[in-house]
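Asks: Sequence:
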Amino acid sequence: MIWTEIKIKSTPESEEAISNILYEAGADGVVIESPNNLSILKNKEVLWDYIDDDLINMDPEVSIIKGYINETENVKEAIAQIKKRIDQLPSFGLNTGNVETTITEVDQDDWENSWKQYYKPTLIGQHFIIKPSWEPYISQEGDLIIEMDPGMAFGSGLHETTQLCIINLEKHVKEGDIVFDIGCGSGILSLAAANLNCKKVIGVDVDSLAVQVAKENAIHNRLDKIIDVRQGDLLDVVDEKADVIVANILAEVIVKLADQIKPCLKENGIFISSGIILSKVELVVDSLLSNGFEIIEVQRMGEWAAIMAQYKG
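At position 84 of the sequence shown the residue is numbered 84 (the UniProt record's numbering), and the sequence of numbers has no breaks.
Careful: at least some of the hints might be erroneous.
[Unchecked claim] With a cut-off of at most 30 angstroms between alpha-carbon atoms, the simulated DSSO-like pairs for lysine-lysine come out as follows: (1) Lys256 to Lys280; (2) Lys84 to Lys9; (3) Lys256 to Lys312; (4) Lys120 to Lys215; (5) Lys76 to Lys9; (6) Lys174 to Lys266; (7) Lys200 to Lys262; (8) Lys215 to Lys200; (9) Lys312 to Lys174; (10) Lys280 to Lys84.
Just so you know, these hints were derived from the structure itself, not from any lab.
Given these sequences and hints, build the entire structure.
Replies: Here it is, written out as C-alpha coordinates:
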(Lines of atoms letter the chains of each structure in order from A; the text may use other names.)
(Lines give C-alpha, C1' and ligand atoms only; values in the text may rest on other atoms or scores of the structure.)
Protein backbone atom coordinates (compact mmCIF):
# COMPACT_ATOMS: atom_id res chain seq x y z
CA MET A 1 0.00 0.00 0.00
CA ILE A 2 1.18 3.53 -0.84
CA TRP A 3 0.83 6.28 1.77
CA THR A 4 1.20 10.06 1.64
CA GLU A 5 3.88 11.26 4.05
CA ILE A 6 3.37 14.80 5.36
CA LYS A 7 6.73 15.88 6.77
CA ILE A 8 6.68 19.03 8.90
CA LYS A 9 9.82 20.76 10.11
CA SER A 10 9.12 22.83 13.21
CA THR A 11 10.32 23.19 16.82
CA PRO A 12 10.45 20.81 19.81
CA GLU A 13 8.01 23.14 21.57
CA SER A 14 5.29 22.55 18.98
CA GLU A 15 5.86 18.88 18.13
CA GLU A 16 3.14 17.50 20.40
CA ALA A 17 0.53 19.96 19.12
CA ILE A 18 1.44 19.24 15.48
CA SER A 19 1.30 15.51 16.15
CA ASN A 20 -2.27 15.87 17.44
CA ILE A 21 -3.20 18.04 14.44
CA LEU A 22 -1.98 15.31 12.08
CA TYR A 23 -4.02 12.63 13.86
CA GLU A 24 -7.15 14.78 13.88
CA ALA A 25 -6.71 15.40 10.14
CA GLY A 26 -6.83 11.66 9.49
CA ALA A 27 -3.24 10.44 9.83
CA ASP A 28 -3.01 6.73 10.61
CA GLY A 29 0.36 7.21 12.26
CA VAL A 30 2.83 9.90 13.30
CA VAL A 31 6.61 9.74 13.74
CA ILE A 32 8.43 12.42 15.75
CA GLU A 33 12.18 12.85 15.25
CA SER A 34 13.20 15.18 18.04
CA PRO A 35 16.27 16.34 19.97
CA ASN A 36 14.08 15.90 23.06
CA ASN A 37 14.25 12.16 22.48
CA LEU A 38 18.05 12.27 22.43
CA SER A 39 18.24 14.06 25.77
CA ILE A 40 16.06 11.33 27.28
CA LEU A 41 18.20 8.59 25.75
CA LYS A 42 21.35 10.13 27.19
CA ASN A 43 20.06 10.10 30.75
CA LYS A 44 19.89 6.27 30.55
CA GLU A 45 16.19 6.10 31.31
CA VAL A 46 15.57 4.41 27.96
CA LEU A 47 16.60 0.81 27.41
CA TRP A 48 18.39 1.17 24.05
CA ASP A 49 21.24 -0.79 22.54
CA TYR A 50 21.91 1.91 19.90
CA ILE A 51 21.00 5.47 18.98
CA ASP A 52 20.51 6.38 15.33
CA ASP A 53 23.12 8.80 13.91
CA ASP A 54 20.42 11.00 12.36
CA LEU A 55 19.00 11.64 15.82
CA ILE A 56 22.42 12.42 17.29
CA ASN A 57 23.14 14.96 14.54
CA MET A 58 19.79 16.78 14.72
CA ASP A 59 19.63 20.54 15.18
CA PRO A 60 18.54 21.01 18.84
CA GLU A 61 16.08 23.72 17.73
CA VAL A 62 14.33 21.55 15.13
CA SER A 63 11.84 18.69 15.30
CA ILE A 64 10.59 16.64 12.36
CA ILE A 65 6.99 15.43 12.59
CA LYS A 66 5.80 12.99 9.93
CA GLY A 67 2.18 12.02 9.42
CA TYR A 68 0.96 9.19 7.18
CA ILE A 69 -2.36 9.35 5.34
CA ASN A 70 -3.88 6.66 3.12
CA GLU A 71 -3.53 7.72 -0.52
CA THR A 72 -7.19 6.93 -1.24
CA GLU A 73 -8.38 9.59 1.20
CA ASN A 74 -8.84 13.28 0.41
CA VAL A 75 -5.19 14.15 0.90
CA LYS A 76 -5.32 17.69 -0.51
CA GLU A 77 -8.10 18.70 1.87
CA ALA A 78 -6.28 17.14 4.81
CA ILE A 79 -3.03 18.95 3.98
CA ALA A 80 -4.83 22.30 3.73
CA GLN A 81 -6.48 21.68 7.11
CA ILE A 82 -3.14 20.75 8.70
CA LYS A 83 -1.37 23.86 7.40
CA LYS A 84 -4.19 26.13 8.56
CA ARG A 85 -4.16 24.72 12.10
CA ILE A 86 -0.37 24.88 12.39
CA ASP A 87 -0.53 28.55 11.38
CA GLN A 88 -2.86 29.10 14.36
CA LEU A 89 -0.50 27.60 16.97
CA PRO A 90 1.41 30.84 17.69
CA SER A 91 -1.88 32.34 18.91
CA PHE A 92 -1.74 29.75 21.73
CA GLY A 93 1.76 30.87 22.69
CA LEU A 94 3.64 28.10 20.86
CA ASN A 95 6.77 28.95 18.88
CA THR A 96 6.55 26.96 15.65
CA GLY A 97 9.71 28.45 14.14
CA ASN A 98 10.15 28.46 10.37
CA VAL A 99 7.67 25.75 9.41
CA GLU A 100 8.50 23.71 6.31
CA THR A 101 6.12 21.12 4.85
CA THR A 102 7.14 18.37 2.42
CA ILE A 103 4.76 15.89 0.78
CA THR A 104 6.01 12.52 -0.53
CA GLU A 105 4.66 9.05 -1.26
CA VAL A 106 6.05 6.12 0.73
CA ASP A 107 5.54 2.39 0.85
CA GLN A 108 3.79 0.98 3.92
CA ASP A 109 6.85 -1.03 4.97
CA ASP A 110 8.94 2.16 5.11
CA TRP A 111 6.77 4.01 7.61
CA GLU A 112 6.04 0.93 9.70
CA ASN A 113 9.77 0.39 10.15
CA SER A 114 10.29 4.05 11.06
CA TRP A 115 8.01 3.48 14.09
CA LYS A 116 10.29 0.78 15.39
CA GLN A 117 13.46 2.79 14.83
CA TYR A 118 12.42 5.43 17.37
CA TYR A 119 10.30 3.51 19.87
CA LYS A 120 11.85 1.42 22.66
CA PRO A 121 10.96 0.53 26.27
CA THR A 122 11.29 3.68 28.38
CA LEU A 123 11.50 4.18 32.14
CA ILE A 124 9.44 7.14 33.40
CA GLY A 125 9.44 8.07 37.06
CA GLN A 126 10.38 5.37 39.55
CA HIS A 127 8.41 2.42 38.23
CA PHE A 128 6.68 2.99 34.89
CA ILE A 129 7.93 1.22 31.76
CA ILE A 130 6.30 2.41 28.52
CA LYS A 131 6.90 -0.19 25.81
CA PRO A 132 5.69 -1.20 22.33
CA SER A 133 4.26 -4.69 21.90
CA TRP A 134 7.05 -5.86 19.58
CA GLU A 135 9.89 -5.10 22.03
CA PRO A 136 10.83 -7.84 24.51
CA TYR A 137 11.23 -6.69 28.09
CA ILE A 138 12.08 -8.70 31.20
CA SER A 139 10.00 -7.27 34.01
CA GLN A 140 11.79 -6.29 37.21
CA GLU A 141 10.28 -6.20 40.69
CA GLY A 142 8.17 -3.07 41.10
CA ASP A 143 7.81 -2.35 37.36
CA LEU A 144 4.48 -0.93 36.20
CA ILE A 145 4.27 -1.71 32.49
CA ILE A 146 2.16 0.23 30.00
CA GLU A 147 2.12 -1.27 26.52
CA MET A 148 1.30 1.12 23.69
CA ASP A 149 2.10 0.90 19.99
CA PRO A 150 2.64 4.15 18.04
CA GLY A 151 -0.12 3.26 15.59
CA MET A 152 -2.53 3.14 18.54
CA ALA A 153 -1.35 6.31 20.27
CA PHE A 154 -1.22 10.08 20.05
CA GLY A 155 2.19 10.16 21.73
CA SER A 156 4.95 7.79 22.77
CA GLY A 157 5.12 8.89 26.40
CA LEU A 158 8.55 10.42 25.85
CA HIS A 159 7.32 14.00 25.69
CA GLU A 160 8.26 16.10 28.71
CA THR A 161 4.66 17.03 29.51
CA THR A 162 3.60 13.37 29.61
CA GLN A 163 6.58 12.46 31.77
CA LEU A 164 5.83 15.25 34.23
CA CYS A 165 2.24 14.05 34.59
CA ILE A 166 3.22 10.41 35.11
CA ILE A 167 5.90 11.33 37.65
CA ASN A 168 3.37 13.30 39.67
CA LEU A 169 0.59 10.76 39.38
CA GLU A 170 3.06 8.33 40.91
CA LYS A 171 3.65 10.82 43.72
CA HIS A 172 0.07 11.86 44.48
CA VAL A 173 -2.32 9.00 43.59
CA LYS A 174 -3.18 6.78 46.57
CA GLU A 175 -4.79 3.35 46.65
CA GLY A 176 -8.55 3.67 46.31
CA ASP A 177 -8.49 7.16 44.76
CA ILE A 178 -10.81 8.33 41.99
CA VAL A 179 -8.88 10.01 39.16
CA PHE A 180 -10.11 12.13 36.24
CA ASP A 181 -7.95 12.48 33.10
CA ILE A 182 -9.07 15.56 31.14
CA GLY A 183 -8.20 15.57 27.45
CA CYS A 184 -7.10 11.95 27.76
CA GLY A 185 -5.87 11.50 24.17
CA SER A 186 -4.31 8.03 23.91
CA GLY A 187 -5.21 7.33 27.52
CA ILE A 188 -1.61 6.98 28.68
CA LEU A 189 -2.22 9.01 31.86
CA SER A 190 -5.38 7.03 32.59
CA LEU A 191 -3.34 3.84 32.23
CA ALA A 192 -0.71 5.19 34.60
CA ALA A 193 -3.31 6.09 37.23
CA ALA A 194 -5.03 2.71 36.91
CA ASN A 195 -1.71 0.97 37.53
CA LEU A 196 -1.43 2.80 40.86
CA ASN A 197 -4.31 0.84 42.43
CA CYS A 198 -6.84 3.64 42.28
CA LYS A 199 -10.52 2.75 42.55
CA LYS A 200 -11.64 4.30 39.27
CA VAL A 201 -10.28 6.39 36.40
CA ILE A 202 -12.53 8.48 34.16
CA GLY A 203 -10.86 9.65 30.96
CA VAL A 204 -12.62 12.50 29.14
CA ASP A 205 -12.02 13.86 25.65
CA VAL A 206 -14.14 15.81 23.17
CA ASP A 207 -12.52 14.01 20.22
CA SER A 208 -14.18 10.74 19.17
CA LEU A 209 -10.91 9.29 17.82
CA ALA A 210 -9.18 9.92 21.15
CA VAL A 211 -12.02 8.20 23.00
CA GLN A 212 -11.80 5.19 20.68
CA VAL A 213 -8.01 4.94 21.02
CA ALA A 214 -8.07 5.34 24.80
CA LYS A 215 -10.68 2.59 25.12
CA GLU A 216 -8.60 0.27 22.91
CA ASN A 217 -5.48 0.95 24.98
CA ALA A 218 -7.36 0.25 28.22
CA ILE A 219 -8.53 -3.10 26.85
CA HIS A 220 -5.06 -3.91 25.48
CA ASN A 221 -3.54 -3.32 28.94
CA ARG A 222 -6.38 -5.21 30.70
CA LEU A 223 -7.37 -2.12 32.66
CA ASP A 224 -10.78 -1.52 31.07
CA LYS A 225 -12.59 -2.55 34.27
CA ILE A 226 -10.95 0.41 36.06
CA ILE A 227 -10.84 2.96 33.21
CA ASP A 228 -14.06 4.51 31.91
CA VAL A 229 -13.54 6.70 28.83
CA ARG A 230 -16.24 9.25 27.98
CA GLN A 231 -16.70 11.73 25.14
CA GLY A 232 -17.59 15.32 25.95
CA ASP A 233 -16.75 18.14 28.34
CA LEU A 234 -15.96 17.19 31.94
CA LEU A 235 -18.96 18.84 33.60
CA ASP A 236 -21.34 17.34 31.03
CA VAL A 237 -20.25 13.71 31.42
CA VAL A 238 -19.11 13.45 35.07
CA ASP A 239 -21.36 13.81 38.12
CA GLU A 240 -18.99 12.78 40.92
CA LYS A 241 -15.85 14.11 42.58
CA ALA A 242 -12.23 13.06 42.13
CA ASP A 243 -9.31 12.80 44.53
CA VAL A 244 -6.92 13.68 41.69
CA ILE A 245 -7.50 15.41 38.36
CA VAL A 246 -4.78 15.44 35.69
CA ALA A 247 -4.81 17.57 32.54
CA ASN A 248 -2.01 17.62 29.96
CA ILE A 249 -3.25 20.42 27.69
CA LEU A 250 -2.48 24.03 26.78
CA ALA A 251 -1.99 26.70 29.44
CA GLU A 252 -4.94 28.76 28.22
CA VAL A 253 -7.26 25.78 28.63
CA ILE A 254 -5.94 25.08 32.13
CA VAL A 255 -6.68 28.70 33.09
CA LYS A 256 -10.35 28.10 32.17
CA LEU A 257 -10.38 24.71 33.88
CA ALA A 258 -9.20 26.19 37.18
CA ASP A 259 -12.74 27.42 37.77
CA GLN A 260 -14.63 24.67 35.94
CA ILE A 261 -13.13 21.68 37.78
CA LYS A 262 -13.94 22.92 41.30
CA PRO A 263 -17.31 21.09 41.47
CA CYS A 264 -15.52 17.90 40.34
CA LEU A 265 -12.66 17.88 42.87
CA LYS A 266 -12.90 16.81 46.50
CA GLU A 267 -11.76 19.20 49.22
CA ASN A 268 -7.96 18.93 49.47
CA GLY A 269 -7.98 17.14 46.11
CA ILE A 270 -4.95 17.40 43.82
CA PHE A 271 -4.90 19.02 40.38
CA ILE A 272 -1.91 18.04 38.20
CA SER A 273 -1.65 20.28 35.14
CA SER A 274 0.96 20.21 32.37
CA GLY A 275 1.34 21.17 28.72
CA ILE A 276 2.43 24.57 30.04
CA ILE A 277 5.29 26.38 28.30
CA LEU A 278 7.60 28.13 30.75
CA SER A 279 6.46 31.62 29.76
CA LYS A 280 2.86 30.73 30.78
CA VAL A 281 3.60 29.34 34.27
CA GLU A 282 2.78 32.59 36.07
CA LEU A 283 -0.50 32.90 34.16
CA VAL A 284 -1.61 29.43 35.28
CA VAL A 285 -0.41 29.88 38.87
CA ASP A 286 -2.35 33.15 39.20
CA SER A 287 -5.52 31.49 37.89
CA LEU A 288 -5.21 28.56 40.30
CA LEU A 289 -4.58 30.81 43.30
CA SER A 290 -7.59 32.99 42.48
CA ASN A 291 -9.81 29.89 42.32
CA GLY A 292 -9.04 28.49 45.76
CA PHE A 293 -6.02 26.33 44.98
CA GLU A 294 -2.77 26.17 46.92
CA ILE A 295 0.34 25.61 44.82
CA ILE A 296 2.22 22.52 46.02
CA GLU A 297 5.01 22.48 43.47
CA VAL A 298 6.06 23.69 40.02
CA GLN A 299 8.28 21.25 38.12
CA ARG A 300 10.16 22.03 34.91
CA MET A 301 11.51 19.74 32.21
CA GLY A 302 13.01 21.21 29.06
CA GLU A 303 10.76 24.02 27.84
CA TRP A 304 7.72 22.73 29.73
CA ALA A 305 6.28 22.87 33.24
CA ALA A 306 3.81 20.99 35.40
CA ILE A 307 1.96 22.62 38.28
CA MET A 308 0.68 20.60 41.22
CA ALA A 309 -2.07 22.33 43.21
CA GLN A 310 -4.40 21.38 46.07
CA TYR A 311 -8.00 22.55 46.17
CA LYS A 312 -8.83 24.28 49.45
CA GLY A 313 -12.38 25.29 48.60
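Asks: All hints, please: hold or fail.
Replies: Evaluated hints:
Note on Lys256 and Lys280: the hinted pairing holds, with a Cα-Cα distance of about 14 angstroms set against a maximum of 30 angstroms. Taking the CA atoms of Lys84 and Lys9, the gap is about 15 angstroms. The hint holds against a cut of 30 angstroms. Under the criterion of a C-alpha separation no larger than 30 angstroms, the hint pairing Lys256 with Lys312 is consistent with the structure, at around 18 angstroms. Of the pairs offered as hints, the one joining Lys120 and Lys215 holds, with about 23 angstroms between alpha carbons and a cut-off of 30 angstroms not exceeded.
Between Lys76 and Lys9 the alpha-carbon distance is near 19 angstroms, which keeps this suggested pair within the 30 angstroms criterion. For the proposed pair Lys174 and Lys266, the alpha carbon gap of about 14 angstroms is at most 30 angstroms, so the pair holds. Restraint check for Lys200 and Lys262: the C-alpha separation of about 19 angstroms stays at or below 30 angstroms, so the hint holds. Our distance criterion of 30 angstroms between C-alpha atoms is met by Lys215 and Lys200, whose separation comes to about 14 angstroms.
Using a Cα cut-off of 30 angstroms, the hinted pair Lys312 and Lys174 holds, with the two alpha carbons roughly 19 angstroms apart. Simply put, Lys280 and Lys84 have alpha-carbon atoms about 24 angstroms apart, close enough for the 30 angstroms limit, and the pair holds.
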